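These protein sequence lines map, in sequence, to chains A and B. Throughout the first sequence, residue numbering follows my numbering, covering 1 to 1103 in sequence. Throughout the second sequence, residue numbering follows my numbering, covering 1 to 186 in sequence.
The hints are simulated quantities; they were obtained by calculation from the structure and are not laboratory data. These numbers come from a predicted model, not from an experiment. One or more hints might be untrue.
[To be verified] Cβ pair distances, simulated, as ranges:
1) 152(B) to 920(A): 36 to 44 Å
2) 920(A) to 142(B): 33 to 41 Å
3) 920(A) to 155(B): 54 to 62 Å
4) 165(B) to 350(A): 38 to 46 Å
5) 178(B) to 44(A): 38 to 46 Å
6) 790(A) to 112(B): 35 to 43 Å
7) 82(B) to 799(A): 21 to 29 Å
8) 920(A) to 82(B): 30 to 38 Å
9) 82(B) to 78(A): 49 to 57 Å
10) 142(B) to 350(A): 53 to 61 Å
11) 82(B) to 350(A): 50 to 58 Å
12) 82(B) to 1089(A): 54 to 62 Å
[Stated by the list, open to error] Derived pair list, reagent style BS3-like, types lysine-lysine, alpha-carbon separation capped at 30 Å:
13) 754(A) to 383(A)
14) 469(A) to 253(A)
15) 593(A) to 617(A)
16) 934(A) to 165(B)
17) 290(A) to 232(A)
18) 120(B) to 177(B)
19) 582(A) to 173(A)
20) 502(A) to 582(A)
21) 617(A) to 290(A)
22) 922(A) to 934(A)
23) 102(B) to 934(A)
24) 934(A) to 104(B)
25) 110(A) to 11(B)
26) 848(A) to 177(B)
27) 253(A) to 617(A)
[Unchecked claim] Stretch by stretch, here's where chain A covers chain B in the computed footprint (C-beta under 8 Å, at least three residues):
28) 15-28
29) 35-47
30) 84-95
Backbone N, C-alpha and C fix where the C-beta goes; we use that ideal spot for every residue, glycine too.
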Amino acid sequence: MEEVRIGVYICDCGANIAGTVDTKKVTEYAQGLDSVVVARNYKYMCSDPGQNLIKDDIREKKLNRVVVASCSPRMHEPTFRRAVQDAGINQYYFQMANIREQCSWVHENKEMATEKAKALVEAAVHRVVFHEPLQTKEVAVNPNVMVVGGGIAGIQAALEIADAGKKVYLVEKEPSIGGHMAMFDKTFPTLDCAACILTPKMTTVGQHPNINLLSYSEVEEVSGFVGNFKAKIKRKARYVDETKCTGCGECSKVCPVHVDNEFDVGLSQRSAAYIQSPYAVPNKAVIDKKGNSPCRVACPAGVNAHAYVALISQGKFKEALEVVRKSIPLAGVVGRVCYHPCEGECERATVDEGLTIRDLKRFVADYEMKIGREKAGPAEITKEDRVAVVGSGPAGLACAFDLIKKGYRVTVFEKSEKAGGLMRYGIPNFKLPENIVDNEIEYIKELGVEIQTGTAVKDIARLFNQGYKAVFLGTGAGKNHKLGIPNEDNQNVFPALSFLYKINSGDKISIGDRVIVIGGGNMAVESARAAWRLGARDVTVVYRKSEAEIPASDSEVEEALNEGIKFKYSTAANEIIVRDGKVSGVKCISEEKGQQSAEFVLDADSVINAVGQEIDKTELPGEMAYSDLGYLQVDPITLESNISGVFAGGENVAGQLDVIASVAAGKAAAESIGRYLSGVDMREGRSDNMPRVSNIKKDKVKPKSRVAMPKLELSKRQGNYHEVDLGFDESTAIEEAKRCLNCAVCSECMLCEKACEADAIKHDMKEQTLEIEIGSIIVATGFQQFDPEVMYNYGYNRFDDVLTGLEFERLSNASGPTDGVVIKKNGEKPQSVAILHCVGSRDENYHKHCSRVCCMYSLKYSHLLREKLPDADIYQLYIDMRCPGSGYEEFYLRLQEEGVNFVRGRAAEVTNTAETPEEQGKLIVLCEDTLVRKKIRLPVDMVILSCALEPSEGSAQIGKVLSISKKADGFFLEKHPKLDPVSTMTDGIFIAGCCQGPKDIPDTVAQASAAAARALAMISMNKVEIEAATSEIIDELCSGCRICNTLCPYGAITFNEAKGISEINQVLCKGCGVCVSACPSNAIKGNHFTTKQLIAEIEGVLA
Amino acid sequence: MGKTQSMNFVKEVSQVLGGEGVNLCMQCGTCTASCPSAHIWEYTPSEIIAMVRAEMRDEVLSSSSMWCCLSCYSCTVRCPRDVEPTNLFHALESLAVKHGYKPKNTSTPVMYKNFVKSIKKNGRVSEFQMMMGYYMSTNPFAALGMISVAWNLLSHGRMPLSAKKIKGKKDLDKIIKKLNEVRGAQ
């Protein structure tokens, strides 16, 4: 080994080091250390003469190792490495001792600091002996740049690079670029209109051949290293084909959904299909679709409740009914008798009350009947096969409806005189008038479904012989259960089914005064109410279980109670007492929990048995198989019975069902039959897991109760079967529909699809991932406005006319919600306005930092107010006016000249509690005028909160993706706060604009240009140097355990299967040393940080 | 007022328990604007802090301002600089007492003294003894005006004439002793 000859250079750094460390003594000490040939001390070692000292010594004194004791290696290691290299020795034969940041700056005692400096120097001297010559590597730089964020910073950076002839990917998460600046009204201090100076740039970006604008996209993953990054970009589904969309806005005009418009910070509404602003780039529509609304997911028959509610809210009743009819033909029926699972899931219930979704559906059906229905055109028959449906209840009709829409010829066979099944014969008219059923059956007929009434079908083979290729049995459960108690066959005991059948057929029945109904379902309560209408004066429902367990719907029971029906709960009927061949009463036993059972007799003239239904096997074909429960046995998914081609669903399979569940069964069977006839697998993809939307926005919803259903007066209900629920009128329906929260935003009503002439709407679009390769990245993710709601004392969101800065920008903007007229929520012009500075800024409780721009934008607001409201009193409540910038102080002076009242004091509170008549109806701002030491109360009409700028919501995520650090205030950390404010600690990633800290537009543009220049510099160098201090694997020692493979944070280690050992990609390796410490066989060497070097350094410190 | 000084008073205040925040104040006036009694303060809350910073020792310590503090803590909740003005005002009170200042137009110090005296004696406040002590050392005739209130309280059993001592009075004595040691050490 050659002789080690070390030169040691101690820097004074002016007084920075020499003020605390006796550099002369340190130099003397270094001179005496082993292998040190020369030790020198100089005022500024980093200066040219300083560096020349080192270079000359290397040449003249044949040095082969150099130690410099000065500042942090972060600062000047590259400087000295270069000097050493220039003088002809390998740059890694150099070691730096930090005696400034780690010594002189942090100590006060000169003597001890000097001792510490000696130790640090000695450590470096010991270490440098073992240094090895290493070679740096160079890699090519990919000339493409990715800019993240399309605000003014991103736009500027993208344009600079694109204009230099390089390719840029500009990624923006919103549908349009422009960021916050596009929302502003005027810009301080020159008062140019923000849009006027920004839109030309936005358009240029949109048209620039070198810019690939990826709007509505987010960066998901970034890998690689300086010069060679790979990024995965999530392109959110726009549901609009960007290549076809012409930006005409027709989709947004027809869209029935209205939600808060983010671009107007919630001051206006936008539709689900929308173009972000009049000057959006790209000028393409986007459909805001968050998933499936809860109501829609809840419907067993898949009716898109959200869509028809949204359409009703816009008065589009006809279109709403069309939406219902896409799924089911029975809007009027289901709109009356459905048990509305949709309402149970309605998210509005978490705010106040769920919507009356069912009643809205009924409304559109009624509305059509009122204005007259156009005859439905026959559905196009596209298939040759014919299908027979047996039974015309809800299941049969729904099945027939779906089949004819699929193009099959369908014949429905009904044994009764009229079609409709239980809808017609099992539900009394006061709940479901017959004409509703007639109308909907007529509609189904008009579509082309043939209905043969009075035709019982028992012979399936005959149907097949007649040419039907498949059969659906929707025969229901038309037989009343027996009570199983003595005397139930008496003439005064009516099974509910036949009782209701008679009533609905208009037959006369004599039931007497006192009626007892046994059972607790809807049919029991309906029978009781029918009996009351027939003239019975004393009607009692006897139910076996408790009140809480009654299966009849709450509204049904409530209405029955209104009509004077009595309920006996936990009571079982034991025997029907007959005297002289007539019913005289029912012997009951009450079995209340925890009480002795008691027997008693209820007097009665007749009894209605409403304990349930079962299927009548005699009416069904003989070859059918039955389940243990006595119902038809079918496959639970396909609904196919034991006979191929024969399907069944509804009550004959499941027992007593709600109408909607029968409809759902009919629809499922239709799907199976379609698949069966076209030879498609009947099971595939039929699990019903429609995902329900989460994160529903409802924090700003003002409570409003649901609209009550108007009812027929009690006195008008007896002696007839007039419908009790009268239905909504148009305005009530709209009012109720407007309460919808639009959970999923887009309701998929599909009106936009019809309206779009360019055929650009694609509701089935999926989000895509794009992979791009770039050499450098510029992060320009901007800021967000502090939400002042947490500062309760300022009353934001409690008082109408307390606005945030951004809200005022939109209010004052000609393209804003009021076309630029400044008005209060009630429409009046404000006579006085207070602008409160430092809201959330300079505040230990929220943000410690000064947001830099608030003083200036507050001045701008004052000016705009003065312009629009010349007579208004304008107050600025400030702590310090901070107006540093070109023309800024002059602007302050101008506002003073314009007569704005400047009050030096921070507002403590905004209240509406008036103490004097003048304060009545005003917002009163409490503050101290600190210049005259007086506590004052300012009554004003409007308060504007100049809110802090804080890091944008997504910046934490993008920081994680890019591995760039944040400062304590949450903004991105720059490499050096003064000398390198556009770089990050990660090479090749630059920052610009407010993501680095609050700043105004001029500073943002300057920083964006600077970041672009840095990226361009890298590109024009064509290559970058890679640090040589990386880890390497000593092949012979590696056991192939692969522990290091998963530990490497940079993905630099892979396993070579052929050799059975791990390998490190020297370009990806950052030399962090994790693998070195983890390797169980010491097979990894951390270059420039070898064990030898580190031990020597420690020994040096301790020597 | 007005003599230019070395910064002794600010330092003194900042070293008293509760006075640490005095240097952080940026004179925004939030404390004054939040203070429900600011209108009766001789100097407003923010002004008294400014006066401390201006080394106006005599004017501050002899003022009645801080004695008007009701300890509602509104200022402390809202102060953007964590000055904790409530604690600061109480620190000024204790400094004033320590150095024998007699504030004008307020008998709050006397009330405080009688309150503490009652606690030290019984471990709890005896309203009767405290108020008797207060009126005796301020204006005994003022007590006459309170007779009907006192009678009402007495007849409802809300103001016993004799004070009951708490359990563990000796432990409380130890706590008070320790407290005095700590304060003495400051």
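Each hint tested on the structure:
no. : hint                         : verdict
1   : 152(B) to 920(A): 36 to 44 Å : holds, 38 Å
2   : 920(A) to 142(B): 33 to 41 Å : holds, 39 Å
3   : 920(A) to 155(B): 54 to 62 Å : violated, 43 Å
4   : 165(B) to 350(A): 38 to 46 Å : violated, 55 Å
5   : 178(B) to 44(A): 38 to 46 Å  : violated, 57 Å
6   : 790(A) to 112(B): 35 to 43 Å : holds, 36 Å
7   : 82(B) to 799(A): 21 to 29 Å  : holds, 28 Å
8   : 920(A) to 82(B): 30 to 38 Å  : holds, 37 Å
9   : 82(B) to 78(A): 49 to 57 Å   : violated, 42 Å
10  : 142(B) to 350(A): 53 to 61 Å : holds, 59 Å
11  : 82(B) to 350(A): 50 to 58 Å  : violated, 38 Å
12  : 82(B) to 1089(A): 54 to 62 Å : violated, 43 Å
13  : 754(A) to 383(A)             : holds, 26 Å
14  : 469(A) to 253(A)             : violated, 46 Å
15  : 593(A) to 617(A)             : violated, 38 Å
16  : 934(A) to 165(B)             : violated, 46 Å
17  : 290(A) to 232(A)             : holds, 22 Å
18  : 120(B) to 177(B)             : holds, 10 Å
19  : 582(A) to 173(A)             : violated, 79 Å
20  : 502(A) to 582(A)             : holds, 20 Å
21  : 617(A) to 290(A)             : violated, 48 Å
22  : 922(A) to 934(A)             : holds, 21 Å
23  : 102(B) to 934(A)             : holds, 26 Å
24  : 934(A) to 104(B)             : holds, 21 Å
25  : 110(A) to 11(B)              : holds, 28 Å
26  : 848(A) to 177(B)             : violated, 40 Å
27  : 253(A) to 617(A)             : violated, 56 Å
28  : 15-28                        : holds (count 3)
29  : 35-47                        : holds (count 7)
30  : 84-95                        : violated (count 0)
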